[in-house]
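For chain A, the structure is supplied; the task is to place chains B and C on it using the hints.
Chains as they are written, first to last, in this note's numbering: chain A, 1 to 341; chain B, 1 to 377; chain C, 1 to 294.
Simulated from the structure, these hints should not be mistaken for laboratory data. Since this is a predicted model, take the numbers as computed values, not measurements. C-beta atoms are modelled at their ideal positions from N, C-alpha and C, and glycine is treated no differently. Heads up, some of the hints might be wrong.
With beta-carbon atoms standing in for the labels, derived distance ranges [what the hints assert, rightly or not]:
| hint | chain 1 | residue 1 | chain 2 | residue 2 | range |
| --- | --- | --- | --- | --- | --- |
| 1 | A | 290 | C | 133 | 26 to 32 Å |
| 2 | C | 88 | A | 36 | 48 to 54 Å |
| 3 | C | 112 | B | 337 | 39 to 45 Å |
| 4 | A | 121 | C | 166 | 40 to 46 Å |
| 5 | A | 169 | C | 145 | 56 to 62 Å |
| 6 | B | 366 | A | 250 | 38 to 44 Å |
Counterexamples of contact, computed for chain A against chain B with all Cβ distances above 12 Å [said to hold, decoys possible]:
| hint | residue |
| --- | --- |
| 7 | 102 |
| 8 | 178 |
| 9 | 185 |
| 10 | 192 |
| 11 | 240 |
| 12 | 242 |
| 13 | 326 |
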Amino acid sequence: MADKPRGKGFFAPGGRLLLPAVLVAFYVLARVLVAAGLLNGYWQLILDQSLIVATASLGLSLIYGFCGQFSLGHAAFYGLGAYTAGLISKLWGHGDPLWFVGSLLAGAVVAGLVAVVIGLPILRLRSDYLGIATLGFGIIVKVLMDNSGKLIPETGGATGMTGVPMVANLTWVFIVAVAAIFLVRNLVFSRFGRSWVAIREDEVAADAMGINTTRAKTLAFVLGCALAGLAGALYAHRYPFIHPSSFDFLKSIDFLIIVVLGGLGSFSGTVATAVAWVFLLEGLRAVLGVAFVDYRGVVYALILVAVIILRPRGLLGGKEWSALLPRLGRRDGREEAKPHG
Amino acid sequence: MKRIAVLALVLLLAATMVFSVVGCKKEDKNVIRIGLIAPMTGDASTFGTSTKNGFTMAIEEAGTTVAGLTIQLFFADDRNDATEAVNVATKLATQDKVHAIIGSVSSKCSIPVSEVAEANKVVQITPTSTNPKVTLDPERKTFVFRACFIDPFQGTVGAKFALDNLKAKKAAVMFDQGNDYTIGLANFFKEAFVAGGGVIVGWEAYGKDDVDFSAQLTKIAAAKPDVLYLPDYYNKVSLIGQQARQKGIKAPFLGGDGWDSSELDFATMDGGYFTNHYSAGDTRPIVVDWVAKYTAKYDATPDSLATLAYDATKLLLKAIETAGSNDTTAIRDALQGISLDVVSGRVSFDADGNPTKAAVILQIKDGKQVYVATVSP
Amino acid sequence: MTGLLEQVFNGLQLGFVYALIALGYTMVYGIIRLINFAHGDIFMVGAFVGVLGYTAWGLPFPVAVAVSMIVCAVAGVTIERLAYRPLRYAPRIAALISAIGVSIFLEYFCSLKFVFGPNYRVVTRPFEVTTFTVGGANVTNIQVVVAVVVLALLAGLQYMLYRTRIGKAMRAVSQDHDAARLMGINVDSVISATFGIGSALAAAGGVLYAVAYPQIWPFLGIMPGLKAFTAAVLGGIGSVPGAVLGAIIMGQVDVLSAAYISSQFRDAIGFSILIIVLLVRPTGLLGSRQREKV
Numbered sequence: 001m002a003d004k005p006r007g008k009g010f011f012a013p014g015g016r017l018l019l020p021a022v023l024v025a026f027y028v029l030a031r032v033l034v035a036a037g038l039l040n041g042y043w044q045l046i047l048d049q050s051l052i053v054a055t056a057s058l059g060l061s062l063i064y065g066f067c068g069q070f071s072l073g074h075a076a077f078y079g080l081g082a083y084t085a086g087l088i089s090k091l092w093g094h095g096d097p098l099w100f101v102g103s104l105l106a107g108a109v110v111a112g113l114v115a116v117v118i119g120l121p122i123l124r125l126r127s128d129y130l131g132i133a134t135l136g137f138g139i140i141v142k143v144l145m146d147n148s149g150k151l152i153p154e155t156g157g158a159t160g161m162t163g164v165p166m167v168a169n170l171t172w173v174f175i176v177a178v179a180a181i182f183l184v185r186n187l188v189f190s191r192f193g194r195s196w197v198a199i200r201e202d203e204v205a206a207d208a209m210g211i212n213t214t215r216a217k218t219l220a221f222v223l224g225c226a227l228a229g230l231a232g233a234l235y236a237h238r239y240p241f242i243h244p245s246s247f248d249f250l251k252s253i254d255f256l257i258i259v260v261l262g263g264l265g266s267f268s269g270t271v272a273t274a275v276a277w278v279f280l281l282e283g284l285r286a287v288l289g290v291a292f293v294d295y296r297g298v299v300y301a302l303i304l305v306a307v308i309i310l311r312p313r314g315l316l317g318g319k320e321w322s323a324l325l326p327r328l329g330r331r332d333g334r335e336e337a338k339p340h341g
Numbered sequence: 001m002k003r004i005a006v007l008a009l010v011l012l013l014a015a016t017m018v019f020s021v022v023g024c025k026k027e028d029k030n031v032i033r034i035g036l037i038a039p040m041t042g043d044a045s046t047f048g049t050s051t052k053n054g055f056t057m058a059i060e061e062a063g064t065t066v067a068g069l070t071i072q073l074f075f076a077d078d079r080n081d082a083t084e085a086v087n088v089a090t091k092l093a094t095q096d097k098v099h100a101i102i103g104s105v106s107s108k109c110s111i112p113v114s115e116v117a118e119a120n121k122v123v124q125i126t127p128t129s130t131n132p133k134v135t136l137d138p139e140r141k142t143f144v145f146r147a148c149f150i151d152p153f154q155g156t157v158g159a160k161f162a163l164d165n166l167k168a169k170k171a172a173v174m175f176d177q178g179n180d181y182t183i184g185l186a187n188f189f190k191e192a193f194v195a196g197g198g199v200i201v202g203w204e205a206y207g208k209d210d211v212d213f214s215a216q217l218t219k220i221a222a223a224k225p226d227v228l229y230l231p232d233y234y235n236k237v238s239l240i241g242q243q244a245r246q247k248g249i250k251a252p253f254l255g256g257d258g259w260d261s262s263e264l265d266f267a268t269m270d271g272g273y274f275t276n277h278y279s280a281g282d283t284r285p286i287v288v289d290w291v292a293k294y295t296a297k298y299d300a301t302p303d304s305l306a307t308l309a310y311d312a313t314k315l316l317l318k319a320i321e322t323a324g325s326n327d328t329t330a331i332r333d334a335l336q337g338i339s340l341d342v343v344s345g346r347v348s349f350d351a352d353g354n355p356t357k358a359a360v361i362l363q364i365k366d367g368k369q370v371y372v373a374t375v376s377p
Numbered sequence: 001m002t003g004l005l006e007q008v009f010n011g012l013q014l015g016f017v018y019a020l021i022a023l024g025y026t027m028v029y030g031i032i033r034l035i036n037f038a039h040g041d042i043f044m045v046g047a048f049v050g051v052l053g054y055t056a057w058g059l060p061f062p063v064a065v066a067v068s069m070i071v072c073a074v075a076g077v078t079i080e081r082l083a084y085r086p087l088r089y090a091p092r093i094a095a096l097i098s099a100i101g102v103s104i105f106l107e108y109f110c111s112l113k114f115v116f117g118p119n120y121r122v123v124t125r126p127f128e129v130t131t132f133t134v135g136g137a138n139v140t141n142i143q144v145v146v147a148v149v150v151l152a153l154l155a156g157l158q159y160m161l162y163r164t165r166i167g168k169a170m171r172a173v174s175q176d177h178d179a180a181r182l183m184g185i186n187v188d189s190v191i192s193a194t195f196g197i198g199s200a201l202a203a204a205g206g207v208l209y210a211v212a213y214p215q216i217w218p219f220l221g222i223m224p225g226l227k228a229f230t231a232a233v234l235g236g237i238g239s240v241p242g243a244v245l246g247a248i249i250m251g252q253v254d255v256l257s258a259a260y261i262s263s264q265f266r267d268a269i270g271f272s273i274l275i276i277v278l279l280v281r282p283t284g285l286l287g288s289r290q291r292e293k294v
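Just chain A, same shape as in the assembly (with noise of 0.2 Å):
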C-alpha cells in the first residue's frame, strides 16, 4: 500500500502543521461563537460536556478498545477522579488556578493508584469473568459513594456535592482533551501500544513472544482509569453538583457504547463517537420537540442497533484520521505510521 506522495508545503495534508492548526482554528472558531452570542451557554455546555465525555472515553478505549480488558466500571474511577478533585477544590482550593490544576492532577492520581490496587488482582480473570468483577467494583464504589456523607460530610452522601468551584471552562476543558488524545496517540504508537494491541489479539502468543502480560494489562488499565479520572476532575468544575447515581453501571455501559461504536483500536474513531454522541443525544430533545419527548429513547435505542448493524466494526475500526498518525523520522512527512487496526 504506497502512500501518495504528499504536496510540499506546512499546512498541506500530511504537512506538519495541519493538525495543531485544524486544531487552533477549531478553539477560535469556538471562542468566536461565544463572543459574538452566537454560541449560547446551553451549547458551551454540551460542547464542554462532549469534550469531557470524549476524555473519559479514551481512557476505555486504552483500556478495552487496545488492550481488549473488558471493563466495565469505567463510570466509578470517572467519578472517583470527580469526587477527589471536587473536594480538593471545595475545601482548600476556592478556584485558584494553581489548586484547580492540582485537583485535577489529584483526581487522575487517585484513580490512577486505585485502579492498580483492583488491578492487580482481578486483570487475571479473562473477558466476560473480568467484565463482572469490573462490574462488580463499579457498584461497589457507588454504594461507599451514597455511604461517604458519614465519613466525609462535604461529599453530601446520597444527597449529592454541591460547592465546588466552576472554574472548569472551554479553554481548560479544551487543553486537556487535547493534551489527552496526544497521549493516548503517543502510547498506542510506542511499544507499549503495540504489546497492548498483541494482548488484545491473543494474549497466549503475546505471552509467548516475551511480552510481560501483566505489566502491558495494568499499566493500560491504569492509565486508561487514570484518564477518567481526569475527565472526571474537570465534569466536578464544571457541573455545579455531582451525585453518586450519575456514576452508576449505566454509566460504564455508555462508556462502552461510545468506544464500540467509534471503533476498537481507533482513539480518533472514539474522540469523534464521543462528541457525536452527546450532540446526539441533546440535539434528540431539539429535534423530538415535547410532542414527541417520550421518544427520545426509542429513537436512541433504534440508532444505536443501526449503527451497529451496519457498521459492526464501528465507525472507525481500527483505522485512524490520518492527521492524527505521527510522523516517523522524514520531514517531508511521507513515511507515516500505519494504524494498527
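Just chains B and C now, kept in the frame of chain A:
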C-alpha cells in the same frame, strides 16, 4: 467514505449550532417565558406526568396572558438524571431565556437546577423537592423556592404522631440508601422519635431496585416494633408492606407524602398512616373544586405531585401578576412576600424559601384515604 | 436460632428467584456466548403479558403463563433475526452493543402510553398467599412454588440439552458453528430455537416474579438482568447448573450480609465476595478450566 462521514459530522454540528442561533432572537417586552423541568421519561416518569398535569391545568386556567404578558411555555425532560438536569436548566436559562422554572421533582435534580437558576437570576419553584439544600447551600439562594414542606418538618410530624397518637415506644425504619428523600425523612424521624422518648429498634436500608426485603424484615419482626416507618414512594412501600405482613409484622405502617397516589396498594397498606400536603377529601371549596376538575380532565384523583405542581404554578402566576412585569427580580420579591390560599393550604414563604404549611395526616382505610388530623408547624 | 433459619430460607428464596431469571439467560449465553442485555426486558414483557392475561383478559392463570411464553418466544426469535443474526460473524462485542440497544428500546417502547405505560402497576395475585412455619421460620407458598418451578425447569433444561437431539444440536453449535454445520445441523434454526426457548423461560420467570413481588413496570428487568448475568458468570459460563448454583449463592450472600453485617452495604459486600470467588476460581464455580490451545 470517511470524508463523507467527516463532512456529515461537521454539517450535523453546524446544524445544531444554527438551531441555537435561530432560537436566539427574543422580544422581551410583552412575553413571560415559563419552563417546566420534570422527569418525562425514564424510571421516574410517572411522577413527571403528574407534575406536568398539575402545571398544565394551572396554566390553562390562567389563559394566554398574565399581567398583560403573553405566556410562552417550555418543557424539558431531565430523565431524573442530575447531569441532564443541569443541561436542560442551562438550556432553559441561556437559550430559551425563561423567566421562571417550575421543577424538578426529585432533589437530586432540583439542586443542580437551583444552582443554574440562581446563577442566571431565574425564579424557580420546585413543587416537591424536600431536601433543604435546594434553597440553602449554605446561603439562601434567593431566586429558589419550594411549594412543599421540608424533610425536617415532615419527619418530625411523623415521629410526633407515632409517639402521641399511636402510642409507640419502639419504631423500626426502612429507607433507600441511595435516595436522599427517604434518608432525610428517616433521619429526622429518628431524631424526633428518640427525643420524644422512643427507641429505634430497627434501622434497615435497601437498594433502589430491590424488591426483596425479607432479610431486613425478618430482623425487624424479631424486634417487635410498635410502628414501622416507611418513608418511600408508594411503589416501594406497597412491596415492603406486603412482605412485612408475610413476615408476621403486625405493627401499623407510617409514611410520608410519597405514599400519595391512587396506585398505592390500598389493600396491603390498610390501616397505615402517612403525612401529606393535602387531603383529597378535604371539604374546603378550593380542594373540592380541584379534585373535580382534575378527575374530569385526567380521569384520576390528583396525587400530591400534581397538586403541588398546580399550587407552585398558581403561586408563580400570582407573583407575576403582583410584580406586573417580567423582571425576574421583581417576581422574586413578589413571591417572597406572597400570601395565597392554594389547594394545599395558605402559603407564605419564610426566609429560607420554604412555605410555612401545615401537614395533614391521612389513613388508608377500606381502599381510601381518610383524613385524621392536621399538624401545624 | 430461628432467626438464622428464617434468614437462610430468605436467602434460598431470593436465590431461587435469581435462578429463575438466570436459567433462560444462561441458555442463550452458553450456546451463543451473547451477553443478552435484553433478557431482563423480555422478562419484563413476559411479566406484563402474563399479568394482563389473567387480569384484563380474564384467562386462567396457566393459560396466561402459556400465552406469555408464546408471545415472548416469538419476540425473542424476531429480535434475534433482526438485531443479532446480522452480527453473527462480527466481533462478539458488536452483538452485545446491539443487545444493549434492544434492551433500551424495549424499556422505552413499553413506557409509551399506548403500550404498557410508565406507571408502576400493582399486581393482583392469581392465588392467595398463605404462610406456614417450618422449624419456626415463616415460609410462604409462593416461595415454595418458585423453588419447585426452578428445579423443574432446571431438570427439564438439562434433560433437553443432554437427552434430546435438539439439545445435542445446541451443544454442537455452542462448540463450533462451522463444524456443526458440516455435521448437517441447521445452525440458524438451532440459534432461533435457543432464543425462543430462552425467551419463553424468561416469560415464565417474569410472570412468577410478578406474582412473588406484585408490582410491574417497564424498567422492572434491569436489576434481574444484571443478577442473571452475575449468576451465570459466577457459576461458570455455559453451565446451566452452575448458573443455578451461582444464583443460590448470590441469594444467600445478599440476605446474610444484609441480615448480619449491614443492609446499607449489602451490595458492596455481595460483589466483594463475588470478586474474591472469581479470583479463586477464575472460570467460575462450575466452569471448565479453559484449556488454552496455542
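Structure-based check of each hint:
The hinted window of 26 to 32 Å between residue 290 of chain A and residue 133 of chain C is violated, with their beta carbons roughly 56 Å apart. At roughly 51 Å, the beta-carbon separation of residue 88 of chain C and residue 36 of chain A lies within the given 48 to 54 Å, and the hint holds. Under the hint 39 to 45 Å, the C-beta atoms of residue 112 of chain C and residue 337 of chain B, about 44 Å apart, fit the expected range. Taken as a hint, the range 40 to 46 Å holds for the pair residue 121 of chain A and residue 166 of chain C, whose Cβ atoms sit roughly 41 Å apart.
Distance hint for residue 169 of chain A and residue 145 of chain C: a CB-CB separation of about 60 Å, consistent with the stated range 56 to 62 Å. Checking the proposed 38 to 44 Å range against residue 366 of chain B and residue 250 of chain A shows it holds: the Cβ atoms sit about 41 Å from each other. The beta carbon of residue 102 of chain A is kept farther than 12 Å from every beta carbon of chain B, the shortest such distance being approximately 24 Å. Here residue 178 of chain A stays apart from chain B, with its beta-carbon at least about 17 Å from theirs, past the 12 Å limit.
A cut-off of 12 Å between C-beta atoms confirms that residue 185 of chain A is not in contact with chain B; the least separation is 18 Å. At roughly 27 Å from the closest C-beta of chain B, the C-beta of residue 192 of chain A stays outside 12 Å, upholding its exclusion from the interface. The beta carbon of residue 240 of chain A sits about 4 Å from the closest Cβ of chain B, which is not more than 12 Å, so the claim that it is off the interface is violated. Against the 12 Å criterion, residue 242 of chain A falls within the reach of chain B, whose nearest CB is about 8 Å from its own CB.
Annotated as non-interface, residue 326 of chain A keeps its C-beta farther than 12 Å from every C-beta of chain B; the closest such distance is 19 Å.
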